[in-house]
Each structure stands twice: as structure tokens, then as C-alpha cells.
Amino acid sequence: MPHFVIIAVSILFDGLAYAMFLFITSVGLSVTMGLMGFVNLAHGAFAMAGGYVVVTLTRTLGIGFVPALAISAVVVGAVSVVFERFLYRRLYKSNDLEQVLLTIGLAFMAIATATYFYGPIPKSVPLPEWLQGDINLGFRSFPSYRAFLIVLGVVLIAVLWYGFERTNIGAKIRAAVDNRRMAESVGINVDLLFTLTFAVGSGLAALGGGLAIQLFGLSPNFAVLYLVLFLIVVAVGGLGSLKGTLLAALVLGIFDTAGKYLLADAGGFFIYAVTVVVLLIKPAGFYGRE
Amino acid sequence: MAASERTIPDRKATRERAAEYLLRRHRFRPAEALPWLIAIAVYFVFPDRMTFGSQVVIMVMFALSLDLILGYAGIVTLGHAAFFGIGAYTVGLGAARLGWTEPISGLFAAAIVSAFFGFLTGWFLLRYRGLTLLMLTLATAIMLQEAGNLRSDFSGGYDGLPGLVFKPVLGLFDYDLYGHTNYIYALVVLAVVFFFVRRIVYSPFGQALTGIRENVRRMHAIGSPVHRRLVTVYTIGAGIAGIAGALFTQTNAYVTLTVFDFDNSAKVMVMLILGGTGRLYGAFVGAVVYMVLEDKLSKLSPTFWQFGIGLLLVLGVLFAPRGLLGLLENAGKYLSKFRSKP
Amino acid sequence: MTAALEVQGFNRSFGALPVTRNVNLTLERGARRALIGPNGAGKTTLVNLITGALKPSSGRVLLNGEDITAVSQSQRARRGLARTFQINQLFRGLSVLENLGLAIGERDGHSNNMWRAIGSNRAVLDEALDHLESLRLVDDALKLVRELPYGRQRLVEIAIALAQKPRVLLLDEPAAGVPSSESHLILDVVASLDPDIAILIIEHDMDVVFRFAKQITVMVQGAVLVEGPPDEIMHNEQVRAVYLGQEYGHGANHG
Chain A
787 MPHFVIIAVS
797 ILFDGLAYAM
807 FLFITSVGLS
817 VTMGLMGFVN
827 LAHGAFAMAG
837 GYVVVTLTRT
847 LGIGFVPALA
857 ISAVVVGAVS
867 VVFERFLYRR
877 LYKSNDLEQV
887 LLTIGLAFMA
897 IATATYFYGP
907 IPKSVPLPEW
917 LQGDINLGFR
927 SFPSYRAFLI
937 VLGVVLIAVL
947 WYGFERTNIG
957 AKIRAAVDNR
967 RMAESVGINV
977 DLLFTLTFAV
987 GSGLAALGGG
997 LAIQLFGLSP
1007 NFAVLYLVLF
1017 LIVVAVGGLG
1027 SLKGTLLAAL
1037 VLGIFDTAGK
1047 YLLADAGGFF
1057 IYAVTVVVLL
1067 IKPAGFYGRE
Chain B
338 MAASERTIPD
348 RKATRERAAE
358 YLLRRHRFRP
368 AEALPWLIAI
378 AVYFVFPDRM
388 TFGSQVVIMV
398 MFALSLDLIL
408 GYAGIVTLGH
418 AAFFGIGAYT
428 VGLGAARLGW
438 TEPISGLFAA
448 AIVSAFFGFL
458 TGWFLLRYRG
468 LTLLMLTLAT
478 AIMLQEAGNL
488 RSDFSGGYDG
498 LPGLVFKPVL
508 GLFDYDLYGH
518 TNYIYALVVL
528 AVVFFFVRRI
538 VYSPFGQALT
548 GIRENVRRMH
558 AIGSPVHRRL
568 VTVYTIGAGI
578 AGIAGALFTQ
588 TNAYVTLTVF
598 DFDNSAKVMV
608 MLILGGTGRL
618 YGAFVGAVVY
628 MVLEDKLSKL
638 SPTFWQFGIG
648 LLLVLGVLFA
658 PRGLLGLLEN
668 AGKYLSKFRS
678 KP
Chain C
-8 MTAALEVQGF
2 NRSFGALPVT
12 RNVNLTLERG
22 ARRALIGPNG
32 AGKTTLVNLI
42 TGALKPSSGR
52 VLLNGEDITA
62 VSQSQRARRG
72 LARTFQINQL
82 FRGLSVLENL
92 GLAIGERDGH
102 SNNMWRAIGS
112 NRAVLDEALD
122 HLESLRLVDD
132 ALKLVRELPY
142 GRQRLVEIAI
152 ALAQKPRVLL
162 LDEPAAGVPS
172 SESHLILDVV
182 ASLDPDIAIL
192 IIEHDMDVVF
202 RFAKQITVMV
212 QGAVLVEGPP
222 DEIMHNEQVR
232 AVYLGQEYGH
242 GANHG
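Residue numbers (the working numbering), protein chains in the order written: chain A, 787 to 1076; chain B, 338 to 679; chain C, -8 to 246.
No lab work stands behind these hints: they were computed from the structure. Each statement offered as a hint is correct.
In silico EDC-like pairs for lysine to aspartate or glutamate, Cα to Cα no more than 20 Å straight-line:
#, chain 1, residue 1, chain 2, residue 2
1, C, Lys134, B, Glu551
2, C, Lys134, B, Glu353
3, B, Lys670, C, Glu138
4, B, Lys674, C, Glu138
5, B, Lys604, A, Asp882
6, C, Lys134, B, Glu357
7, C, Lys134, B, Glu666
8, B, Lys349, C, Glu124
9, B, Lys349, C, Asp121
10, B, Lys349, C, Glu118
11, C, Lys134, B, Asp347
12, B, Lys604, A, Glu884
13, A, Lys879, B, Glu551
14, B, Lys349, C, Asp117
15, A, Lys1046, B, Glu483
16, B, Lys349, C, Asp130
Ranges between beta-carbon positions, derived for each pair:
#, chain 1, residue 1, chain 2, residue 2, range
17, B, Lys670, C, Ala114, 30 to 36 Å
18, C, Ser63, A, Val945, 44 to 50 Å
19, B, Phe445, A, Lys1068, 38 to 44 Å
20, B, Pro505, A, Ser910, 49 to 55 Å
21, C, Ser4, A, Gly973, 27 to 33 Å
22, A, Val940, B, Leu637, 47 to 53 Å
23, C, Ala232, A, Lys1068, 41 to 47 Å
24, A, Arg876, C, Glu173, 32 to 38 Å
25, C, Asp117, B, Val629, 43 to 49 Å
26, C, Tyr141, B, Arg464, 30 to 36 Å
27, C, Ser4, B, Arg466, 21 to 27 Å
28, C, Tyr141, A, Lys1068, 38 to 44 Å
Beta carbons: idealized from backbone N, C-alpha and C, even for Gly.
All chains should be built: construct the whole structure from the sequences, respecting the hints.
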């Protein structure tokens, strides 16, 4: 097979895996920001927390990796409700700056707590047999883990799409993102909706965090380091849009991977350059409103 | 209505009183001497902490530059460290690559270069608000850092440009090991910068900035060239941040790419919020309190320090959104109400 | 003689919903025209289009004969087009005097000054106080806008527009939200405005309309239904139907 095709396929594969990670972790942030207009910079901390829960479950309690992912998502999602009800709720009417500061403060507290309990050294998790190793397709072998990530991503996209587009609740969410006051006047309980969406979004973030361990290693700084990425995906995709987050994750994930493959050092540039270009042309992102 | 029952002299008196208040407002108040007196006193009381002292002064200037942009004009940016870094590297590269070691002209160069970048980026980016602007400013700062990293042979990268030597200030004052000269140098520069910032804040232009922050819709409707005003203040803020960065390189004789870190942008925001935005002296209070706390606490345990800052931010937003100066104001109002009760 | 303000064929849609349909409007110098119509008729949208806060999808607007369609909102304001908002848009954290000062400063370029202190320009201060005097607001000069009762805030809203020394003034329900005990203050002010200024006033209160207006434009569902002097409008069948909701349109209320 010609060399450039192998490179292209590698870029696509790795890019897709990266994109799936970005999507899973960022979609919750996009929907909650679109729904409530709340700038939640602690989102990365929820992802980080999810990762550490998986670490504890697998290393200390001997639970398998995949079940640990599921449990972590549920636990973090449930805990996030407490934050939403008692803390975030008070700032829905506040300005951007205050929301930014409060959530950054929470993120700092979370990082410090993680450092205290887990230490600053990056952690890894034991993977089951079938996730280690490679799948050999002749011209190249592909890490099974990344293939898993892609498959999982596709499944989640399908589930989320179905939930968003085909269920009653999904319709209500879309209505509320579109026009909150209208939705409220029609009798939709936007508050409850938001709590639910927030929980699911945080749970997904936790899942993303757990999945990230194998890709990037997990250290407390994850909360802030990758936050920038999530924010970029959300901004480029457009707030409150499933389609937008997916498209942004794909574009940014593949461009970033391509950049790193083809231009090594300069590669880190790409993702920011793409962001700036997209936002200058479409300030509300691909599928954002107004 | 009471006014129609008033005599003409009465109405004139009210009018005069209103005019007098505005006419006097910009005059220096005695309390304003306080921070400067303290700064001078520190020189004599803590002669062995002067290197730390210069860094505090530099941070005050950095916070002041952000206050113009954030506190007065209401522009929320996550990339202000970019201008600090540009100023720092203008001086650093100037010294390391061009042999330009005269400090005061270095300050001017840094101010001009960062102001220019401020103008360029501001002109494009300030058409946007909210999350879009946050992301654009953040991305710009990161890209600058990455660019520096790309040519780390030229820029010194994260290891930095070491061994920078600067000529004595004004050709007269030699640098001493304890940083005494640096402290006074930084303080004098701060005083000059502050003088200009204060004039801007009390000028009609400064008032217009407040108007833009308070109600930009109204400003458009009364004919204010909002974008032009925002770009102007952003450029000035960038220039001042550049001077702070230049001082940083000069007083440390060293600079690395970490000056562009998001951490730096976040830090200066925390300082400003701590002290209180839109208050001129909030930068002083916030920067000093933050730096002193960091100096004491982060040595004990960086983890506890980080937790503490986080907690401070959370509590601050919930209970003291206008910072320490805001709390002081509230206390003052409360006391005067108390006193005026019969 | 050139009209003070002329709107030619304004069209505008929000998504698939047309909110302004081929609207033409003329204000001569010294005009006293009321713009009336049911809720959702597109009156405020029209004002937003005229001031430049919104862009029309087609149409032109001329100020004193000059085409200002491509001119920005703030530039239009500087050329003498002022408006008040239906809900007060004031600088709530600033004093009444400062609110006016801002309007005057932007008008005469004083606000470009970064060096001299605000208080140093006595002329601006005096002019602001003159405006306040004519509106009986001097006592409130140093009070913060947010400390004033809504009725007096509404006066400040008008004062700001007047401080721009406009040639065309667009008032969006100036007495809205003002308790009836205070509304006469607003209406007295409106009645005593400079006869040279061309004024368009959006209003729901028919007493106000008939007292103030020499011409009335009726808008329904984004289009002009009919125009004319007050007695013609009062006896117009279609207008009565609109307001009594009889034959015209099926449920003419759009959000």
C-alpha cells in the first residue's frame, strides 16, 4: 500500500479515537452551557474525578475496567447533582465573570484534593486482556484500546442522538435550549431538565476521564489542562448542539492528530489555529445560535 | 412637587452642589497616599525582602493593566498573560540577541510592542463577547506560547534566557545583590504608570468605558464608537502589561515561556477580584494580599495553597463579589448608617 | 422640503417569521406621529431597524435626505437620531448627572478626551444641569439611577435622548411602567418638546395618542395598515376591527 495512504489511515484512526474522547467528555458541557448559559469551568474537574474513581475501583477494589467506567459515570453524575443544586443554581443569573471564577475555584479545590489523595504522579489503570494489544489488519496494526474507544463513541453517539431527537425528554431539552422562556411558559420544568442534563453531562465527562487514563495518563492537572480542549470543542461546535460538538470533535481531533503526525513540534499549533479561524468566521460555532 | 415650591436661590444651591461634587472628584484624596507610604515604609522595614518586593510591585502593575480592561471596560479575557509575556520577551530577546541592555528604553520598547499586539488582536477579537471572546483570547495566548516553543533555540524555550545583564538605571544606579535598586526602580515606574492610569480613569474617556461596561446597548444608542473605545483601552492595557513583563525580565535577569501560562492570566484575575475591580486601588490590595499569602502559604504546602485559592474564589464570588475593597465600602456604609441614626 | 426621516420598503424576518413587511414611513420636520398597533405588530422592531440596532433584509432609510442604511447605529445617533427604550436602558450604577454627561460627551466628542478630568469641562456640566432643570430632576442629580423610583428613571431615559440634541426622536412607550400618578410628568415633557424635532412615539394609551399626535400610523403583523390624522383613524373600520379583534386576521397575536 502506498505510504501516504497508510499515513492517512493512521491519522484517521487515531484522530477518530481522539475525537471520540473529545466528544464524550465535551458534549455534556455543550448542552449545559447551551441550556443554562452557565460557564462551567469545573467540567474538567468532573472528568478528572471520574478518572480517579476508576483508578480506585480498579486498583484498590479489583473491579474490572469496563464496569468501573460505568460505576464511575453514575457516581460522578449523582454527586454533580449536589453541586448543581446547592452551588451552581445560585449563579444562574450572575454574569460570566462570576461563573468563571466560581467554577475555576472549584476546579482548583478539586485538583488540590486529588493531589492530596493520589499524589501528583500520573496514574495508570490495569486493562483487561482484550483491550490490550493490537488488531492486525495487514498493513498496520491498530491498538485495540483505540478501536474500543471508537466503537464506544459511535454507540454513545447513537444513544444520545436517539435520546435527543426521538424521546420526549430530548424534545423538551431542545425546546429549552432554543427558547427557555417559551419552554417554561409551555409548562416544561426547565430546572429539573437542567439538573438531569447536568448529571448526564457530568457522568459522560467522568466516563471520558476514565477513558483518558490509557491515552494520556491521569494526573490532577488534567482538570485544567484538558479543560481548554473541552472549551474549544464546545465553542467551535456551538453551545447546546449535539451535532456541533460531534463535528467540532471530529474536525479538531483529526486536525490535531494530522498536525502532530505531519509536523511534529509545530503540530500543537493546529488545534488553536483552527479554533481561531472558525470562531472569527462563525463566532457562535458551527451550530451555535445567533 | 417640592421643587416648584423651592425658591430660586435654593435650586441654584442644589445645582452648585452637584457641580462641585463632580468637579472635585478627581482630586487626590489623603487616603490615596497610604499605599505609597506603605510601599516606601516596606523598603526600610523589610530590607531583606526587596527581591520579593519588586515582584509584588510588578504584579500590582499587571493587575492594574487588567483592571482597565476588565474592571472598567468590562472585557472578560483569559489571555492577558500574552501581553505580559510579549513585554518580557521584547526585553529578554533584545538583551540576549541584540545586546540592548539599557533598561528604560527597554521599557518603552516593550510597551510599544505589546501595545501594538494589543491593538492588532483587539481590533479583531473585540467584536466578540462572552464565551467566544474567552476562547479567542485564550487561544491567542497559547499560540504565542507554542510559537515561542517552536523556535526554542531562538526564544530560550521553557528553559529560558539566562544570564541577562542590564545596564544601570539612568546610568547611575547600580544593581545590588539584595534587589534594593530594583525595588525602587519598579516602584518609580509603577508610580508613573499609575499617574497615567488614574488620569484616564477620571477622564471622560474613562467614564465612557464605565458606560460601556454598564450598558453597552445604551452606549451605541447615544452615539458612542464602542469598538474604537474598547480597542483603545485594550491597547493601553496591553502596553502596561508589557511594561510589567519587561520589568519582570529586568529584575529577574531571566525569562522563560512560563510567563505565557494560563496560570498567569488566572493569577492576575484572582488578584484583581480579590482586591475589587474597577477601583484603581483594588489592584494594589489584591496583588499585595495574594503575593504575601502565596509567599507564606505555598511554601508550607503548595497543595493547601491551591485549595485555599480555590476556596477563596468560591467564597469570594458567593459572599464578596466586589472584593476586599467592596467589603470595606460596605462596612463603611454600614457604619455611617449606624452613626447617622439618632 | 426634505423629510427629517424617511423609511423606504423595510423588510425583515426572524428565521421564517416576517416581522417587518414592506414598511414605508415619513417624518417631516416637527412631526408628531404616533405608531400604534396590537402587541407583536412589529413597532419596536421598526424602531430598531430605523436606529440601526437591527439590519433590514431590504429597504432604505434616509435621515434629512441622506441615505444612512449602511451607517452604524452609533453614527446615526451622532447625526441626530435619538431613541428611548421600552424598558429603561440607563447606566444604573452611575448618577443621573453622569448619565447625562455621557450622552453629551459622546455628542460633542468630549468623551474622546483621556487626559483632562471629567469635572474640568464646566460647559458639559452646565448643559447637563440645564437639562435636568428643565425636567425637574436637579434634586436627583447626584443620586444613582438605580436608587430612583421607576417613574423618575423614565424621565432620565428621556433626558438622555434629549441631551443628544436630536433632530429625530423615537420614543418607545415613554409612559410604560410608570405609575399613573406619575405619568403626567412624562406626558408633560413629551408635550413640551422642541417643535422642530421630528417625533415618532409608540404608544398604547389612546388618550396620550390623541392628545399628542398630528398623524397616526397603524401597524399590524409587521405591515402598515393605514395612516392618517387622528379623527380619520378613529373612525376607520379596519382599525376598529383590529382593536376589537373582529374580522381582521385569525388571532392576530404573535408572541
